[in-house]
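Protein chains in written order, with my numbering: chain A, 21 to 441; chain B, 625 to 1053.
Just so you know, these hints were derived from the structure itself, not from any lab.
In this text the structure is predicted, and so the values were computed from the model without any measurement.
A portion of the hints provided could be inaccurate.
One-sided and incomplete, this derived list gives chain B residues near chain A with beta-carbon spacing under 7 Å [stated by the list, open to error]:
1) 826
2) 832
3) 840
4) 1009
5) 1012
6) 1014
7) 1021
8) 1022
9) 1025
Now the stretches of chain A that chain B is said to cover, found in silico as 3 or more residues with beta-carbon under 8 Å [what the hints assert, rightly or not]:
10) 222-233
11) 239-253
12) 402-413
The beta carbon of each residue, even a glycine, is placed where N, CA and C say it ideally should be.
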Amino acid sequence: MAVAARNAELVIARRRHIGTGIFFLLVALLILVFFVRTTPAGLDTAFGLNPGRATTAVKLPDLVLPSLPSLWFLAAVCAFLGGWQIAKGSRSTGWALGVVAFAFVAAFLIWAARGKSMNLVGMLSSSLLRAIPIALGAFCGILCERAAVINIAIEGMMLTAAFVAAWIGSITHNLWIALMAAMLSSAFLAAILAVLSIKFKVDQIVSGTVINIFATGLTSYLSAKFLQVYQNLNNPGIFKPISLPLLSRIPIIGPVFFEHNIIVYITFLLLILIHVMLFYTRWGLRTRAVGEHPKAADTLGVNVFRTRYINVILGGLVAGIGGAFFTIGSVGRFDEVMTAGKGFIGLAAMIFGKWTPFGAFGSSIIFGFADSLQTKLQILQVPIPSEFLLMAPYLVTMVVLAGVIGRAVPPAADGQPYEKQ
Amino acid sequence: MSEQKERASQNNPDTRAQALARLLLRPARGSVWQAILLPVLAVFTALVIGALVIVFTDLQVLNLYKDFFSAPGKALAASWKSIASAYSALFKGSIGNPAEFAKAISVLRATGDAAPLRQAFWPISESLVTSVPYIFAGLAVALGFQCGLFNIGAEGQIFIGALASVYVGYSIKGLPQYIHLPLAFLTGAAAAGLWAAVAGVLKAKTGAHEVINTIMMNYIAFLLSDWLLNGPMKRPGYSPISPAIQDSAWLPKFFPDPLRFHAGFFVALGIAAVVYWLLFKTTIGFEIRSVGANPDAARYAGISVTRNFVLAMFLSGALAGMAGANEVLGVNHQLASAFSSGYGFDSIALALLGKSHPVGVVLAALLFGTLRSGATRMQSLAGVPIDIISILQALVIIFIAAPAIIRWLYRLRLEREVGETVFTRGWGQ
Chain A
21 MAVAARNAEL VIARRRHIGT GIFFLLVALL ILVFFVRTTP AGLDTAFGLN PGRATTAVKL
81 PDLVLPSLPS LWFLAAVCAF LGGWQIAKGS RSTGWALGVV AFAFVAAFLI WAARGKSMNL
141 VGMLSSSLLR AIPIALGAFC GILCERAAVI NIAIEGMMLT AAFVAAWIGS ITHNLWIALM
201 AAMLSSAFLA AILAVLSIKF KVDQIVSGTV INIFATGLTS YLSAKFLQVY QNLNNPGIFK
261 PISLPLLSRI PIIGPVFFEH NIIVYITFLL LILIHVMLFY TRWGLRTRAV GEHPKAADTL
321 GVNVFRTRYI NVILGGLVAG IGGAFFTIGS VGRFDEVMTA GKGFIGLAAM IFGKWTPFGA
381 FGSSIIFGFA DSLQTKLQIL QVPIPSEFLL MAPYLVTMVV LAGVIGRAVP PAADGQPYEK
441 Q
Chain B
625 MSEQKERASQ NNPDTRAQAL ARLLLRPARG SVWQAILLPV LAVFTALVIG ALVIVFTDLQ
685 VLNLYKDFFS APGKALAASW KSIASAYSAL FKGSIGNPAE FAKAISVLRA TGDAAPLRQA
745 FWPISESLVT SVPYIFAGLA VALGFQCGLF NIGAEGQIFI GALASVYVGY SIKGLPQYIH
805 LPLAFLTGAA AAGLWAAVAG VLKAKTGAHE VINTIMMNYI AFLLSDWLLN GPMKRPGYSP
865 ISPAIQDSAW LPKFFPDPLR FHAGFFVALG IAAVVYWLLF KTTIGFEIRS VGANPDAARY
925 AGISVTRNFV LAMFLSGALA GMAGANEVLG VNHQLASAFS SGYGFDSIAL ALLGKSHPVG
985 VVLAALLFGT LRSGATRMQS LAGVPIDIIS ILQALVIIFI AAPAIIRWLY RLRLEREVGE
1045 TVFTRGWGQ
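Go ahead and model the full structure; you've got the sequences and the hints to work with.
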């Protein structure tokens, strides 16, 4: 039986190689048909490497590439990798997928900015900003799912936190209190989710959906009833960007990573903190044990229920920071349904990142990049309707989920209520 | 996971298949009374909590509570007045005002003028008109539930169905009604079905969870409809509205204005009957329900799980598309952006309330249609934002999904449900 299973696995792996190979060839074809064909010869693409305000130590020259030859080169790279996959089938397709994705994005940008100049640093910086709520949502997902509670209510938690941050911030004129209140409100919803799924053993997808509907209804209701009537209740102000000394003066990296507001730095800290906690502490070991094999953990004296409650509520606190970012971290105002699916995209980032903080953060940046395309490309007057550019993050999410799932292994007990015997 | 699978395969598959058959074919247990009690109590409790929300967000009432200990009567009376005005506006807006009925009948007797009577019947006509998309969308979600699929994409599918049927409705000219109307209606259903089937294929082939995919496709559908209504499908002028459909594509109306009641209501009831027949009287339905009850056992019994996922998603999407087609052909006769405003999302609560059974769905849809059209009136008369409906829905789902709460609240001994649908099988298994 083991041999048969092994053979079946090989057949599946082989099929997958051919599938990825064909996908890479398609990408090459896309570049040829859409980008190469519409680019006249002799144009250059310039990428600006300096921030708008010159704060870096050294001023870099723009990166100027000849548009058409670069596009041909990128198409050739994709075609070569596709052929390689079909002929040989490399064992880890991950790096090849990464290269092809990078080639496609690069080709797209070179094409979009052909004959013009585009500020690459600005683009990357806005990608990071748009990745922050997605990453925090993904961290929330990791905390919950490592303890085997599926949390699709991240969206609702972030929406509530965004509302509470705007509201409390306007009343107290203190952004820190607003942030705390946002985290607490989100943690409160997380606690409801925890009680429903752990105590009442409600299907976790259903209980998550309930919280999403409830959060949408409650925030829209209160917003219509109060925030829209009393405008001064919806004017919390925002965290101002802080340039980190020295770090912000590094060319490219400085303006992209170290000239943001405090929530961005909190996200960096959480990234490291959750990674260390999850993989190098007793709490992390217990969490992962509860997520993989709750019965064994229980037998060894780990309190499965308590671990799950704690993790889900911790996740709620983290999602609350992500929600607060929408209002007091960026626009300084609450709008109905303003999270626009970022919580769900965060879940996709978590899956794409294989339930690890660094993986999730990296994939959040990809989604953030897809999200920032729309605003940046409109400036270049790309002949694509803005609606299609706005679709990008959602399409990327679907493609990523379809491509990665099955290869990414979730915690073994994910989504299953635990019954003590 | 692997250990569990091994353990599952050690169980004798024959007995599991038999258990599955018993589960699906078992006669309804428990009395009708018990089956009704829980949903009724759930709705009642939700309304009570909704009343609390209305009171505690009413600033005037809250101000009175400051002097609660000196003048408790005042605060309580104001609370009662706040609740009563909200819920009576809800009632008048959804069923009608009894006094108005009486007056209209006396006018009709005296002068033979039926206009006031029509005006009196207007709220109930509106409630029925609002129920129709709910019936379709509720059936869509319920059919997905029966196959163990959680279709949160009904809202997007409604948009796709509406886009397709409005296109057929305005672009094809000169067809007789008996061809044009069904053509427009079924095109909407088919387009939305194919749209939803994408999520089914992705689940079947790659294991990507349909919840995330259908939500992503919602956003894509909204953006697609924005683009179409601002570009290719825009009527001459400034606003993003499609051209009006041909008269030959209208669902027939029975009464003069302002009564908007139309034939879509009967179509919806007919479709509900068809869904019942399909689910419970045909092999297709048996397969769909088997996959929903236990995919592993279904697979062992020779049922193709992947094919049923795709089929159920297609049918579910087609039903949601009918909701969109119905709104276009029966109510609006054109398509403006953001026309659906949440029928698809509400239908999740509705399908759960109706226990995923067509009869239950129709009843729940009538309730939701009544609530929603009443809530519009409540917003204008009592200043209670229409979003209170979402809060009520979330509460209803909680109480239906966690019956233990209702049992505890009312000290009831209800029979524990068996064979409840399970959606959480992790990501992609």
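Comparing the hints with the structure gives:
no.: 1; hint: 826; in the structure: holds, 5 Å
no.: 2; hint: 832; in the structure: holds, 4 Å
no.: 3; hint: 840; in the structure: holds, 4 Å
no.: 4; hint: 1009; in the structure: holds, 4 Å
no.: 5; hint: 1012; in the structure: holds, 6 Å
no.: 6; hint: 1014; in the structure: holds, 3 Å
no.: 7; hint: 1021; in the structure: holds, 5 Å
no.: 8; hint: 1022; in the structure: holds, 5 Å
no.: 9; hint: 1025; in the structure: holds, 5 Å
no.: 10; hint: 222-233; in the structure: holds (count 10)
no.: 11; hint: 239-253; in the structure: holds (count 6)
no.: 12; hint: 402-413; in the structure: holds (count 5)
Going down the numbered hints, you'll see the structure goes against none, and every one checks out.
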